[in-house]
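S.K.: Chains as they are written, first to last, in the working numbering: chain A, 1 to 223; chain B, 1001 to 1199.
There's no promise every hint is true.
Stated by the list, open to error - Which chain B residues stay away from chain A? Per the calculated CB distances, all over 10 Å, these:
id, residue
1, Cys1020
2, Asn1028
3, Trp1033
4, Asn1066
5, Pro1067
6, Leu1083
7, Ile1103
8, Gly1123
9, Ile1134
10, Gly1177
11, Ile1181
Said to hold, decoys possible - Which bits of chain A does chain B cover? Going by a derived footprint, with three or more residues having C-beta under 8 Å, they are:
id, stretch
12, 67–73
13, 186–192
14, 204–217
In case anyone wonders, no lab produced these hints; they're calculated from the structure. All values reported here derive from a predicted model rather than from experimental measurement. Every residue gets a Cβ at the ideal spot worked out from N, C-alpha and C, and that includes glycine.
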Amino acid sequence: MASNAIGKPSTAEREWYIVGRWEEFEGEGRANLLRLIGVCAFYGVELINCYGLNLGFLQMAPVVDRAFHLAATMLTVAWAMVCLGVLVCRRQGIFPFWLKFISTGCDLLLLTTILTLADGPRSPLVVVYFLIILLACLRFSLRLIWFATAGAVAGYLFLLGFARWGSIPGWEMSDMTLPRYYQVIFVLALGLTGIILGQGIRRVRRLAESYANRLKENRGGPP
Amino acid sequence: MSGDKVSERPLRGKPHCPYCGAELFSANPLKCWLCHESLTSAADTQAAYDPGIADRIRLPESRGDNPAWVVFGILALLVCLGLMVEAPGILIVLLILATPALIRTVMASSRAQTQAAPASALGMFFSSLGIVAIVGLASVAAFYATCWVVCLGGLALENLKSGRGVNYDWIMVASVGAGLIPGGAVAFLLFRRLWPRRG
């Protein structure tokens, strides 16, 4: 943050900081709600995968075994607890700057855990890494976008390594390896998503300043 | 239902940060939890709230019911459905959770006199279910934490007797009895805080 001559932030900087904190606060709430909706929706799909669905026009055969279903249920409950923690923090006015890093880190950790138990990098659930990066955008923090992007890439690389060398004792696993070009494309897409969102965040300040300047110039002019 | 109170526009009767307008939760905070501005004197927090600050920094409008509770309710229902094959007893838990939610929904609907929209009644039911599930979870956690500690202490005490008239019966009574106190207290406090007084 820029400072004036005596080391104290200027009024404009201070106002910008306050506005940013309110937007961060609101963004955390929206991100938490969307996270909860996402957990709910994906768990619903998991239930259908477990029990099957036949609506005539839409048929989904059961493809998930009991062990994975129980593990996914427990991880879903854990994810719901993360959401509850964020909700309680917001309601109680506990809102340190690192709360968003904690919640995003939990998202990345839980997603990577589920993917490790599922089909690894072959699972269609890997697209949730993109959703986590997009959620970070709601908090208007460039550092959070970097963190989410780096975390998503690290999580994906972990999955690739696990698919190649890892195993869980007593856990039946199919071949999860992917062709190299597929891996490179996915990692590049994750990185570019973070870069594009970061550019959007960088332009927000300029947008606000331009808007304020135009308002100031037009004040007192003809309607 | 209680909304997300800190995101509402400040009320005049409550202490607020004079710099950002955030509601303050303690009587004499050292600094604001939102903008981190230091509030050195009590006069800072008692300062007259400037209504213009809300427009200047555009504090979000109150959105009433917190939709997160609705999603929590749906998720609780889904988890119960997901576990019902493995543990059919969870349907009893679901029945216990759903009863107060249903009562609240029916009472609120009848109090409204007019025909409430089915979507709002469903939303109210799920939000109540979410609150009951969370309160139940917290109460059970408080109960087991206390119960476990008292039980462990009781077993240690009995082990000191080293076989002379060892009696484990009282441990069950003491640990369950002790667990009920914090469990009940947590349930009471959370219901008081979260459960809406009006439909």
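S.K.: Hints the structure violates: just list their numbers, smallest first.
M.R.: Those not satisfied are hints 1, 3, 4, 5, 6, 9, 13, 14.
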